[in-house]
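Number of protein chains: 2
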Amino acid sequence: MRIPLDRQSETPLYQQIESYLRQAILSGNLSANTRLPACRQLAHDLGVNRSTVENAYSALEADGLVFSRMGSGTYVLQQEILPGTPSQSIQHHLPLWQQSLHTHNSISTSEMVEEMLKTGGHPHPINFASGVSDVREFPAEEFRKTLQTVMRRDQIDALEYGEPNGYAPLREGIAHILASQGLQTHPESILITAGSQQAIFLTSQVLLKPNDTILVENPTYSAAIDLFRTLGYQIVGVSMDNQGMQVDRLEKLLQQHHPKLIYTIPNFHNPTGTCLSSIRRRQLIMLAERYNVPILEDDFVGDLRYEGHAQPSLKALDPGGQVIYVSTFSKMLVPGLRVGFIVADGPVYESLLSYKRLSDLATSTLIQRALDAFVTVGRYQTYLHRSCQVFRKRRDAMIKAIERHLPSKVSFDIPSGGLFVWLQLPNGISANELLPIACQEGVAFIPGNFFFIDNLQGEGWMRLNFVSQSVEDIEEGIKRLGAAIRKLRTLK
Amino acid sequence: MRIPLDRQSETPLYQQIESYLRQAILSGNLSANTRLPACRQLAHDLGVNRSTVENAYSALEADGLVFSRMGSGTYVLQQEILPGTPSQSIQHHLPLWQQSLHTHNSISTSEMVEEMLKTGGHPHPINFASGVSDVREFPAEEFRKTLQTVMRRDQIDALEYGEPNGYAPLREGIAHILASQGLQTHPESILITAGSQQAIFLTSQVLLKPNDTILVENPTYSAAIDLFRTLGYQIVGVSMDNQGMQVDRLEKLLQQHHPKLIYTIPNFHNPTGTCLSSIRRRQLIMLAERYNVPILEDDFVGDLRYEGHAQPSLKALDPGGQVIYVSTFSKMLVPGLRVGFIVADGPVYESLLSYKRLSDLATSTLIQRALDAFVTVGRYQTYLHRSCQVFRKRRDAMIKAIERHLPSKVSFDIPSGGLFVWLQLPNGISANELLPIACQEGVAFIPGNFFFIDNLQGEGWMRLNFVSQSVEDIEEGIKRLGAAIRKLRTLK
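Chains as they are written, first to last, in this note's numbering: chain A, 465 to 956; chain B, 465 to 956.
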């Protein structure tokens with residue numbers, strides 16, 4: 465135990481020891497039944513006389529903070545824990561440098577909405593604000609068994625530092641899955657990351673400096689806006705229609721802003737659910753080539769298609785290393801594992817790998833080994849197929865519920881895949897005004913403005929996740945949403 | 465399957481499909497026995513006639529690439545895989561932006577040395593270059609059981625996104641362990657990170673901009689130098705003696721360079737193994753306060769003490785939120801789990817959390833839950849006690865072996881804890897010249913210059929890890945080192 469002692473202080477050493485331990489016990493940091501070091505040991509550790517420690521322990525015992533058991537040692541007694549955290553008590557004399565820190569949002573939009581939903585106090589709240597798929601669909605028990613098999617098979621190897629670009633068999637497995645989905649690549653072009661968030665972070669950090677410009681669809685993934693803003697980039701939006709990014713407006717923006725990167729979600733876009741049309745895909749790549757701008761393709765749920773024809777990924781259409789492709793196991797399989805990946809060719813791969821090493825050395829090898837054993841091509845296809853069946857039903861349920869329970873003046877396109885319905889409210893209804901009322905009714909969504917660069921836009925829109933709730937809850941949740949809209953109207 | 469088709473192309477669609485599949489099969493991306501989608505399904509996915517797909521499949525079958533099994537489908541046949549990766553073939557027409565990327569070292573010093581050792585070709589190489597403790601000491605089987613228990617107990621919860629600052633019970637557990645080791649803190653002041661590398665990355669990113677100055681001990685942890693250099697900081701070194709950083713030289717440097725951060729390893733310093741003396745600890749904090757500079761304390765193996773008195777951590781001596789404390793489970797317990805933590809008070813905690821979210825949202829909750837269940841205060845103390853016993857013996861073995869097998873003119877201080885002996889070679893012997901010869905003899909170390917800001921310094925030094933090899937291998941490895949030194953001398 466390394467108790468800080470001040471030998472220059474006028475306070476006797478035994479009192480310093482006593483006071484450290486007292487504070488640790490009363491704050492709960494040393495919890496009931498923790499054994500304190502033997503007096504001899506602590507005296508040696510601290511370089512003090514044994515009697516000094518004995519005096520400290522006696523004083524604590526006299527106050528009922530510890531008790532000694534003959535021949536066994538000194539133990540902490542159960543205490544009433546004092547309120548007040550060290551960080552609270554510290555606020556009074558903060559160093560100057562702490563006062564000038566810029567603090568950014570450290571809470572995500574969906575967490576904020578979840579908080580509001582809780583505050584709403586409904587006994588059975590229904591949340592359409594999630595950004596991920598339905599974790600309850602994940603075969604956790606099968607995964608547990610896989611983890612066991614892997615730990616038994618690899619033993620201590622499963623716990624060593626792994627290769628910094630990722631566990632080789634997992635990279636091979638991903639290459640096979642991607643090929644089976646229509647994207648040909650090579651394990652050496654794949655870089656494993658801590659979820660797609662890290663993949664986007666690394667790519668933008670490698671390609672942009674503060675004040676550089678990034679082009680994004682407007683609206684787009686809200687966490688990407690937060691990220692790009694915090695990293696100090698200029699964000700320029702390209703507007704969208706029901707065919708995805710309006711690529712015909714792109715050339716002018718490229719000439720005007722000289723962006724260093726185009727960030728796009730061409731498949732089942734977040735939040736709008738649209739797919740970039742085939743012609744626009746080729747135009748986008750052609751323009752990026754002509755203006756020498758890399759494309760970051762975020763394919764977060766590209767395979768979750770419920771109908772219609774498959775569109776090739778931009779990466780599959782790109783012969784020249786223009787496109788950096790990012791995807792993840794978090795959205796479709798399971799969020800908590802935090803495994804995503806980048807597919808990139810050419811020198812940028814080395815740059816990404818080098819930045820990955822700087823930022824966290826490597827992603828947990830145990831989780832990568834488990835995923836490798838778990839996600840075979842066959843199992844992935846089966847799981848994908850089953851997910852698509854379940855999610856298609858939920859989408860249909862949501863559309864029917866919207867038609868049944870919401871005013872006829874709402875409008876939306878039916879998404880052919882992905883996770884979201886992007887819904888426009890009747891004229892004059894603000895999603896932000898609606899949200900607290902909806903939360904009281906027991907239903908939540910994400911207001912549209914969170915997805916726009918200028919958050920005064922999108923006021924009349926909302927994003928509804930249709931995959932994360934059961935068919936019954938979807939029906940009930942949309943019903944509540946209808947009630948909330950009626951309530952808001954009577955208030956106005 | 466999203467095969468990219470070009471409907472404007474003169475190549476017939478069936479040939480485009482055939483050629484995509486052919487390439488996927490010959491490159492090994494579609495491996496033997498993979499089932500291709502049914503013709504009807506693929507035709508639907510791609511929006512082509514069923515006969516188009518059938519023609520493509522027939523052509524592939526005629527060339528012996530696939531075979532069809534009645535009523536079951538079309539399968540890939542075993543092929544000889546063509547060499548040549550897509551990334552190689554792409555190099556010819558790289559986009560311009562790719563050519564201007566700065567590529568940094570994407571290989572670490574210890575990996576480089578490990579490569580050299582392999583190249584040396586010795587049948588039983590002994591590696592003293594590692595930066596971590598001995599993974600073989602870790603009770604992997606116990607950990608496997610804990611993981612099982614946790615998966616059974618938490619089920620799908622173990623796989624959800626967790627709290628971004630870390631799994632609350634783990635943060636509580638760490639607070640208890642820290643208190644039992646002499647550092648009082650609060651779970652709300654603890655931020656879980658992906659190893660201490662991420663902790664250092666986050667702290668420096670939050671506190672410094674490119675061209676800002678960071679003060680470090682010289683020599684210091686080589687990965688930290690790489691990190692700070694790549695992030696564009698000015699690195700200023702403070703020289704060291706056998707009491708650690710020469711704090712009496714600090715004030716002048718503070719006045720001269722106005723650093724934004726002081727990075728220090730006060731306990732069992734990497735690479736030198738020294739501990740900052742008690743008086744200097746207080747002086748360091750006082751100076752940091754006076755000049756309004758935060759301290760980043762890297763306590764990577766602070767508890768691995770084999771003798772002598774315990775020094776309180778800087779964080780424990782700091783009442784005012786000046787010190788940001790970083791430690792990890794990677795060095796002592798197990799590297800592959802990638803779990804470290806920051807202890808910070810005041811607004812900087814929120815800034816760190818916010819940057820953590822941006823860079824990877826959160827660290828795997830499953831691993832955190834397993835660690836929480838595994839690392840109780842009692843088990844930590846037991847494991848620490850056992851590790852110290854084993855490692856002390858290894859240290860003693862290395863010192864004896866050095867005295868026995870190396871020239872009497874080598875010099876070093878006996879480290880009272882940690883992982884490393886920092887050894888000065890006899891005059892005129894360069895560790896860099898020695899390394900390839902040593903690797904041929906079957907032993908490796910890290911040459912000293914890797915730890916200096918100016919890597920022309922430290923030429924006569926080397927870092928030896930004494931905890932990662934058995935007593936027998938230490939004896940044998942140092943013997944080989946002696947042989948290598950003699951060999952180098954005869955060559956000169």
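Treat the hints as calculated values from the structure; they're not laboratory data. The model shown is predicted, which means the values in this text are computed figures rather than measured ones. Be aware that one or more of the hints could be misleading.
So the derived list for chain A, only partly shown, Cβ under 7 Å to chain B, looks like this [unchecked claim]:
id	residue
1	490
2	494
3	496
4	564
5	623
6	646
7	704
8	770
9	774
C-beta: ideal position from N, C-alpha, C; glycine also.
For this session: Sort out which numbered hints this structure fails and list those numbers smallest first.
Result: 1, 3, 4, 7, 8
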